[in-house]
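Student: Read off the chains here:
Protein chains: 2
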Amino acid sequence: MTTTQLYNVAVLGATGAVGTKMLETLDKKNFPIKDLLLLSSKRSAGAEMEFQGKKYTVQEATPESFENIDIALFSAGGGVSKQLAPEAVKRGAVVVDNTSAYRMDPEVPLVVPEVNEEDIKSHNGIIANPNCSTIQMVAALKPIRDLFGMSRVIVSTYQAVSGAGNEALDELRAQSEAFLQGEDLKAELLPVTGEKKYYPIAFNALPQIDVFQENGYTFEEMKMINETKKIMHDDTVQVAATCVRLPFFTSHAESVYVEVDKSGVTVEQLKEAISNAEGVVLEDDPENQVYPTPLSAAGKPDVFVGRIRKDLDNDKGFHLWVVSDNLLKGAAWNSVQIAESLIKNNWLQK
Amino acid sequence: MTTTQLYNVAVLGATGAVGTKMLETLDKKNFPIKDLLLLSSKRSAGAEMEFQGKKYTVQEATPESFENIDIALFSAGGGVSKQLAPEAVKRGAVVVDNTSAYRMDPEVPLVVPEVNEEDIKSHNGIIANPNCSTIQMVAALKPIRDLFGMSRVIVSTYQAVSGAGNEALDELRAQSEAFLQGEDLKAELLPVTGEKKYYPIAFNALPQIDVFQENGYTFEEMKMINETKKIMHDDTVQVAATCVRLPFFTSHAESVYVEVDKSGVTVEQLKEAISNAEGVVLEDDPENQVYPTPLSAAGKPDVFVGRIRKDLDNDKGFHLWVVSDNLLKGAAWNSVQIAESLIKNNWLQK
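Note that the protein sequences, when read in sequence, are chains Z and E. When we follow this note's numbering, the leftmost residue of the first sequence carries the number 45, and every step to the right adds one. When we follow this note's numbering, the leftmost residue of the second sequence carries the number 45, and every step to the right adds one.
The following block holds chain Z by itself, in its conformation from the complex (with noise of 0.2 Å):
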């Protein structure tokens, strides 16, 4: 007979659009937990709250909370995340960090396990989860590239309104009812909250997600860049991005052209190295019109890939359409798989 060992587990953010996947992601894994701590800061705290048939209630989120916390899941804010992460470790918790605060630190692995699971082990008491958009293209791509090698990625990217959080939804919701029914949309919050101007979103394409950097690019054009490198260990690899925020509550889609490094490769081959990956599911039959939509995969925790064709004039080009559920496998699902893989492998000592 085996006992399973059982952890203490913290939830940061809970009542956010993130931290309610985390708990539903959670529940659905059964993962070993012994106790569970919901935490979020001072504004959410008292919340009422239900994980596996009992009660909760949300605590603000304070240094002393991570005592005796063996895993943290942390998603409310990068601001937070500097603030308590070294403090949650500095007590003996493995965080898994699902904002951008610590992805680019170079003692902070940043994982997609599928991608790049042995990087856990190396954790200092934090690993990253990368960017939502970021997680699916590189899942997508790395069946590609174990076979077939790559040298560049240009992504346009289709992203839902929940990776702007719960209130942003709430604004997509009351938009797009005005507008229906002909009444003058108010915009507060996106694209960017806190920023100079917002637009509407309801029936609309906004071409920025996160602040401009000095570049021209946008911080969320420059995640999707910059981790794509560091979680392929490919500072060579070039990537470009475009993000765009669309009226749809979950799920991102994006137009992916890659090339690899091998002449010859066919579609059929590109089909097959995706089938077989794990965590990617090919939905890929023009004939029939089978190709993933943001409402397909919306709840799943999948990363799906159709329209897979080679490209007219570049033997080594290929362009795909990739769809996944921001808030599960680009946020809540990635966090807790890595958490389960520290346990697994048992990298929680560091």
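Accuracy of the hints is not assured; some may be wrong.
The list cannot tell twin chains apart, which means a pair is met if one copy fits it or any two copies do.
In silico DSS-like links for lysine-lysine, alpha-carbon gap of 25 Å or less [what the hints assert, rightly or not]:
{"#": "1", "residue 1": "Lys-344", "residue 2": "Lys-241"}
{"#": "2", "residue 1": "Lys-360", "residue 2": "Lys-273"}
{"#": "3", "residue 1": "Lys-241", "residue 2": "Lys-315"}
{"#": "4", "residue 1": "Lys-72", "residue 2": "Lys-134"}
If you are wondering where the hints come from, they were derived from the structure by calculation, not from laboratory data.
Use these hints to put chain E onto chain Z, whose structure you have.
Tutor: Okay, now just chain E, sitting in the frame of chain Z:
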């Protein structure tokens, strides 16, 4: 004193999404009309429409409809154009055809006036209006190509539902309302009427516009590829396209990657080229979050360009965000521009 010559003008498909915009454009441009004839399929015949304060009854189009017509603007589907354009030409009319019926016919000029107006001159009675997504892209790329050359384009589109006609707009509206009320979505038209499968467009993204070709590309994608080469008189330019239908009513947006021939070109040079181009408006100031969106471009005749930035790896590569009202510059406005050019340049006579 000069007397303005007036012309007998027929609009075929007058009740459709593009047809109504053609009438608006003829009015807005104060087109020199003597008699106006509104034509449609049998189904829509009998409808009453108003133009410049006068009532018109839409008539069923027959070959005889085009007796005494000088200029016929066609937008009633490729089948109708195939059948009636030769009849109209036989009767002395010049046809500006907004369908895909004749676009790739070597005898038929395919024209975006800002790009290749001179091609109109060689017409044999029919001039084709390019696909909406092609028009705005080539209009934006023309000033860049003129100054710096152009070897390659990779485009991912964000296309409005109005490109699929008025009934598709009704479907988007009905589905959006159902979704917001928690009801099931009925999909009966999109992505392609008469195809095997229908998918909801509300709060979704459909990576299919028009039918699939044997090579895995959609016909919409092949239109962008082939029409761009024809309009630019350049079979060597490499063009790749991924076309996606999105849940907004008006304006197509495009994420365009372009490689120029010259080295060392700067973003400022591109911005200047676009600023100076006819029919193209630069809306590009990241610091102040200025960029075009489908809602901001709707109802305007220009092509708007923003988010211009240099590729981080390729000195000759640039990324742009191109937005235009698909029913105006993408269809009706461009058609009427061609008609104006016929008159202005005395090119009506073959």
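Student: The structure should be examined with respect to each hint, and the outcome stated for every one.
Tutor: Status of the hints after comparison with the structure:
For a Cα distance limit of 25 Å, the shortest separation of Lys-344 from Lys-241 across copies, 22 Å, qualifies, whereas the shortest one inside one copy, 34 Å, does not. For a Cα distance limit of 25 Å, the shortest separation of Lys-360 from Lys-273 qualifies both inside one copy, at 20 Å, and across copies, at 22 Å. Only between protomers do Lys-241 and Lys-315 lie at most 25 Å apart by alpha-carbon distance; the minimum there is 22 Å, versus 43 Å within a single protomer. Taking identical chains as interchangeable, the C-alpha atoms of Lys-72 and Lys-134 are never at most 25 Å apart, the minima being 30 Å within one chain and 70 Å between chains.
When each numbered hint is compared with the structure, a violation occurs for hint 4 only.
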